[in-house]
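A.B. asks: So the protein sequences, as listed, match chains A and B.
Going by my numbering, 41 is the number at position 41 of the first sequence; the sequence numbering is gapless.
If you want my numbering, it's the 1-based position in the second sequence plus 1000.
These aren't lab readings, by the way, just hints derived from the structure by calculation.
Heads up, some of the hints might be wrong.
What the hints assert, rightly or not - Label-pair distances were calculated between CB atoms; the ranges are:
| id | chain 1 | residue 1 | chain 2 | residue 2 | range |
| --- | --- | --- | --- | --- | --- |
| 1 | A | 86 | B | 1250 | 33 to 41 Å |
| 2 | A | 84 | B | 1096 | 39 to 47 Å |
| 3 | B | 1452 | A | 1 | 28 to 36 Å |
Stated by the list, open to error - The list that follows gives simulated cross-link-like pairs (lysine to any residue, SDA-like), each with its CA atoms no further than 25 Å apart:
| id | chain 1 | residue 1 | chain 2 | residue 2 |
| --- | --- | --- | --- | --- |
| 4 | B | 1330 | A | 87 |
| 5 | A | 84 | B | 1326 |
| 6 | A | 73 | B | 1327 |
| 7 | B | 1093 | A | 17 |
| 8 | B | 1093 | A | 15 |
| 9 | B | 1394 | A | 37 |
| 10 | B | 1379 | A | 36 |
This one's a predicted model, so the numbers in the text were calculated from it and none came from an experiment.
Just so it is clear, CB atoms sit at the ideal spot from N, CA and C, and this is done for glycine as well.
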Amino acid sequence: MDIKKVAELARLQISEQEETLYDQQLSSIVNYFVELEAIETKGIEPMVTPVDLEPYWREDKKESTLTTDEALKNAPEKMGNLFKVPPVV
Amino acid sequence: METLNLSAAEIVKKFSKGEIKAVEVVGAYLKNIEKRDKTLNSFITKNENALDAAKKLDAKREQGKPTGRLAGVPVAIKDMLCTKGQKTTAASKILENFIPPYSATVVEKLEAEDAIVIGKTNQDEFAMGSSTENSAFGPCKNPWDLERVPGGSSGGSAAAVAGRLSPIAIGTDTGGSIRQPASFCGIVGAKPTYGRVSRFGIIAFASSLDQAGPMTLNVEDAALTMEVIGGQCRRDSTTSERKIPHWAKSLSQDLKGVKVGLPQEYITDALSTDTKKTLDEAVKFVQSEGAEVVPVSLPHTKLCVSLYYIIATCEASSNLARYDGVRFGKRADFTHSPPSDILEFYSRTRGEGFGTEVKRRIMLGTFALSSGYYEAYYKKACQVRRKLREDFLKAFQSCDVMLSPVCTGAAFKLGEKVSDPLSMYLNDVLTLSTNLAGLPGMSVPGGFTKEGLPIGLQITSHLFNEQAMLNVAYAIEKGLSLKEVPNVLR
Chain A
1 MDIKKVAELA RLQISEQEET LYDQQLSSIV NYFVELEAIE TKGIEPMVTP
51 VDLEPYWRED KKESTLTTDE ALKNAPEKMG NLFKVPPVV
Chain B
1001 METLNLSAAE IVKKFSKGEI KAVEVVGAYL KNIEKRDKTL NSFITKNENA
1051 LDAAKKLDAK REQGKPTGRL AGVPVAIKDM LCTKGQKTTA ASKILENFIP
1101 PYSATVVEKL EAEDAIVIGK TNQDEFAMGS STENSAFGPC KNPWDLERVP
1151 GGSSGGSAAA VAGRLSPIAI GTDTGGSIRQ PASFCGIVGA KPTYGRVSRF
1201 GIIAFASSLD QAGPMTLNVE DAALTMEVIG GQCRRDSTTS ERKIPHWAKS
1251 LSQDLKGVKV GLPQEYITDA LSTDTKKTLD EAVKFVQSEG AEVVPVSLPH
1301 TKLCVSLYYI IATCEASSNL ARYDGVRFGK RADFTHSPPS DILEFYSRTR
1351 GEGFGTEVKR RIMLGTFALS SGYYEAYYKK ACQVRRKLRE DFLKAFQSCD
1401 VMLSPVCTGA AFKLGEKVSD PLSMYLNDVL TLSTNLAGLP GMSVPGGFTK
1451 EGLPIGLQIT SHLFNEQAML NVAYAIEKGL SLKEVPNVLR
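Turn these sequences into a full structure, and let the hints guide you.
C.D. replies: Listed below in structure tokens is the structure:
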């Protein structure tokens, strides 16, 4: 497994030490997954949720949820009613 | 101490008759938290408003107004569930200062029935772990033996109930995170059918597996709490519209004619001698009560660990993408070294904010979903998951419930498995399939090891048939009548 590439895809900065550790650990875990190869799954619909529920309709009516202040309250940085981020370009 | 030994059902009864005040109940538990939690570390945050809420409730009763089904009962909430205005961390640094602007439906339902939130409990970070050692706020200890883990990920909730720091608690169960800590701490823990309980406001780990449930001192309280938190929720489209039955009132010890299945693949050499003995004794007990014990087969059992660690990590890698340091949660400090691009902004924030196990699982899931591997891992796992569910549907044609141990052994020591993730994962083999198949499952105390550590029995029933599982647990609880209490209480 290309740990550097996976970390980049996952948007995770990891140290060199972590890279070595994860490389060993993830390889042994992924090797364990090999057991699935032997199972015949041709034509089987993947099961993505355990309970088959009927979708239902709800009324299309407006309701008030969060105020702007409430929605912004946990922002690491804000300006007026906007989320603020450092310059990235 | 007397107040601390009351069950939730007893508290409700005494409160409604005016024999005990909510402030006395809440006060007794707060005092016990003060006394014991420095050692146990089962709470991350205590609710400073608990006594005020109790006072209001007492006033409400005194005015003759009707009170709820959990009136006066303190409840400890796992820190995965959002509580409006109260810090909710998922035991992660990335959420260490997060104060939700709304409460989870489960919390709203508990409060609507006059339960009083007493605090938020410790857990593995984002519920990823089986020992509550992966917490940014330090490990939680097992009240039966302070050198041992309480299990996880709902270890704080389990330790709080076992240590009498709260009569009931809420946990979440993605692969056994209610049942395994309940087993390790000698209490009752139940995971309802997937879709019974709303996931709205519960921090998402693996959405097709996560389900919240009660952790209590006895089966009746578990049934009562599950009734309160269950039901369709318009904010969670995966909740079922089925009506919630009167589980607590319908509890029955009568096992005559009940068919109890013993999954043959669960009985292996991996079970400790004490665990095997506990199971054998439970089998003898249910037989003596008139149940018919039948062997059943779940041929795909040995694949559960692979299935779970592919599906859960894939879902987690997607769910945890929201922690990007922009709208909420911790952001890396860029004051002195501004990010060179947006990727660095995200990567540094997430690299610093998440703990080791969470990063490991996000990376595993990211890998399994990445181009070239998706079909071999995620899609394949979802296909085999269907075969696993078919095993259960077939097995339930010949039995009403299944009986097994919850874990291969009792609570292990702190630090024992932390360096070897695969061995920690393999330990979960008996609980994972319940979540993968969406079934209800619970842990009820079944016995003890030679050293006096609790061992839980797992009871699993068919989709939406929680009553069958609760009844067998109730019969076992009444029949075995275990009286031992954790060391910290002696």
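A.B. asks: What hints, given by number in increasing order, does this structure fail?
C.D. replies: Those not satisfied are hints 1, 2, 3.
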